[in-house]
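Listed in order, the protein sequences are those of chains A and B.
Going by numbering that gives the first Met the number 0, the first residue of the first sequence is number 0, and it counts up by one from there.
Going by numbering that gives the first Met the number 0, the first residue of the second sequence is number 0, and it counts up by one from there.
Simulated from the structure, these hints should not be mistaken for lab results.
Among these hints, one or two may not hold up.
[Stated by the list, open to error] Which residues of chain A face chain B? A partial, calculated answer using Cβ under 7 Å:
#, residue
1, Pro39
2, Ala41
3, Phe46
4, Gly50
5, Leu59
6, Leu62
7, Phe70
8, Phe72
[As the list claims (entries may be wrong)] Cβ pair distances, simulated, as ranges:
#, chain 1, residue 1, chain 2, residue 2, range
9, A, Ser33, B, Val198, 40 to 46 Å
10, A, Ala29, B, Trp59, 48 to 54 Å
11, B, Glu162, A, Ile32, 30 to 36 Å
12, B, Tyr67, A, Ser4, 30 to 36 Å
13, A, Ala34, B, Val159, 41 to 47 Å
14, A, Ala3, B, His240, 40 to 46 Å
15, A, Ala5, B, His80, 18 to 24 Å
16, A, Ala34, B, His240, 22 to 28 Å
17, B, Glu68, A, Ser4, 29 to 35 Å
18, B, His240, A, Asp1, 43 to 49 Å
The beta carbon of each residue, even a glycine, is placed where N, CA and C say it ideally should be.
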Amino acid sequence: MDPASAKLIGAGLACVALVGAGIGIGNVFASLISALARNPAAQVTPFAFLGFALAEATGLFGLAIAFLILFVF
Amino acid sequence: MAIEIKPLEQFKIEPIVPLHPFGIDASFTNSALLMVIAVVLITALTVLGTRRAALVPGRWQSIAEMSYEFVADMVETNAGHGGMAYFPFVFSLFMFVLLGNLLGLVPYSFTFTSHIIVTFALAAVVFIGVTIVGFAKHGMHFLKLFVPAGVPAVLLLLLVPIELLSYFIRPFTLSIRLFANMLAGHTMLAIFAGFAASVPLFGILPVGIDVAIYFLELLVAALQAYVFAILTCLYLRDALHLH
Numbered sequence: 000m001d002p003a004s005a006k007l008i009g010a011g012l013a014c015v016a017l018v019g020a021g022i023g024i025g026n027v028f029a030s031l032i033s034a035l036a037r038n039p040a041a042q043v044t045p046f047a048f049l050g051f052a053l054a055e056a057t058g059l060f061g062l063a064i065a066f067l068i069l070f071v072f
Numbered sequence: 000m001a002i003e004i005k006p007l008e009q010f011k012i013e014p015i016v017p018l019h020p021f022g023i024d025a026s027f028t029n030s031a032l033l034m035v036i037a038v039v040l041i042t043a044l045t046v047l048g049t050r051r052a053a054l055v056p057g058r059w060q061s062i063a064e065m066s067y068e069f070v071a072d073m074v075e076t077n078a079g080h081g082g083m084a085y086f087p088f089v090f091s092l093f094m095f096v097l098l099g100n101l102l103g104l105v106p107y108s109f110t111f112t113s114h115i116i117v118t119f120a121l122a123a124v125v126f127i128g129v130t131i132v133g134f135a136k137h138g139m140h141f142l143k144l145f146v147p148a149g150v151p152a153v154l155l156l157l158l159v160p161i162e163l164l165s166y167f168i169r170p171f172t173l174s175i176r177l178f179a180n181m182l183a184g185h186t187m188l189a190i191f192a193g194f195a196a197s198v199p200l201f202g203i204l205p206v207g208i209d210v211a212i213y214f215l216e217l218l219v220a221a222l223q224a225y226v227f228a229i230l231t232c233l234y235l236r237d238a239l240h241l242h
């Protein structure tokens, strides 16, 4: 395999990390909606956004690696 | 018409005033310039905003008071009893990261929080400071933080290394989270802008996506500053109250 195609495959593989971020963010907001539906007075929205940021960050680690593979090497 | 996309060009540090004392590169760079602008803006907001404090606040006084109250509320609820002593530190940290993120979204400016060394320095200050606070307040009892209470001795063999690892990994996760968010967001903006330049007719589509991503980035910029500050508060609570 020549290095150029290996680089592209590697960048694509690094993006698989975003699967987890997608599942995580979906989970966070699904839970937020069900919590607010059960108890509209619940003060949980700030925690949901904290969870969103933390879940999104883990996926972005992979995306950042993909960008570094594509544009730095 | 292939236009070469260089999305990482925007993160390049360029010297504005070259300075090389004793062979060390200490030039005044675009990164340093943006940091100075951020600090000046924060100082101007808090000092000038409250100089003629009125009972009914004007626009600037409102912004200053709102940011103060927001961070004060966050510290009080998350750092627990005695956490308000560290409010000035958390407030400066939050405003510095927030301004860094937001100023980076101004076209043709520079995002200093997109450099791992900047965020790592901030996170290292938090980590070392919190550790010092813990030892100063509890002495050697601070090490109890790594020994969960009410756990059988056999499990401690497993749990103590995990607690130690999760403690010492904190500065890295704290810094990489902020850095990766800024890097990925700004790179994504540049990539879609590059698509817009290289597609002849339907260039309007990537521009539309760029606009949407820009709004997401505004959210992320504020959110990451919030996360950075709130995690600092939670670490402080660990040091002050040992779980």
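Hint check results:
Proximity of Pro39(A) to chain B is violated relative to the hint, the smallest CB-CB distance being about 21 Å (cut-off 7 Å). At a threshold of 7 Å, the smallest CB-CB gap from Ala41(A) to chain B is about 15 Å, leaving the interface hint violated. Because the closest C-beta pair between Phe46(A) and chain B is about 10 Å apart, greater than 7 Å, the hint is violated. Because the beta carbon of Gly50(A) sits about 10 Å from the nearest beta carbon in chain B, more than 7 Å, this interface hint is broken.
Hint on Leu59(A) holds. Least Cβ distance to chain B is approximately 4 Å, under the 7 Å limit. Because the beta carbon of Leu62(A) sits about 5 Å from the nearest beta carbon in chain B, less than 7 Å, this interface hint is met. Of the supplied interface hints, the one on Phe70(A) holds, with its beta-carbon coming within about 5 Å of a beta-carbon of chain B, less than 7 Å. Interface hint status for Phe72(A): violated, as the beta-carbon distance to the closest one in chain B is roughly 11 Å, over 7 Å.
Our hint of 40 to 46 Å for Ser33(A) and Val198(B) holds, since their Cβ atoms are close to 41 Å apart. Between Ala29(A) and Trp59(B) the Cβ separation comes to about 40 Å, which falls outside the hinted range of 48 to 54 Å. The hint said 30 to 36 Å for the Cβ distance between Glu162(B) and Ile32(A), and at roughly 34 Å that hint holds. Distance hint check for Tyr67(B) and Ser4(A): the Cβ-Cβ separation is about 55 Å, which falls outside the suggested range of 30 to 36 Å.
Checking the proposed 41 to 47 Å range against Ala34(A) and Val159(B) shows it is violated: the Cβ atoms sit about 34 Å from each other. The hint said 40 to 46 Å for the Cβ distance between Ala3(A) and His240(B), and at roughly 55 Å that hint is violated. Remark: the range hint 18 to 24 Å for Ala5(A) to His80(B) is contradicted by a beta-carbon distance near 56 Å. Take Ala34(A) and His240(B): their Cβ atoms lie about 27 Å apart, and the range 22 to 28 Å holds.
Taking 29 to 35 Å as the suggested C-beta distance range, the pair Glu68(B) and Ser4(A) does not conform, at roughly 55 Å. At roughly 57 Å, the beta carbons of His240(B) and Asp1(A) sit outside the given window of 43 to 49 Å.
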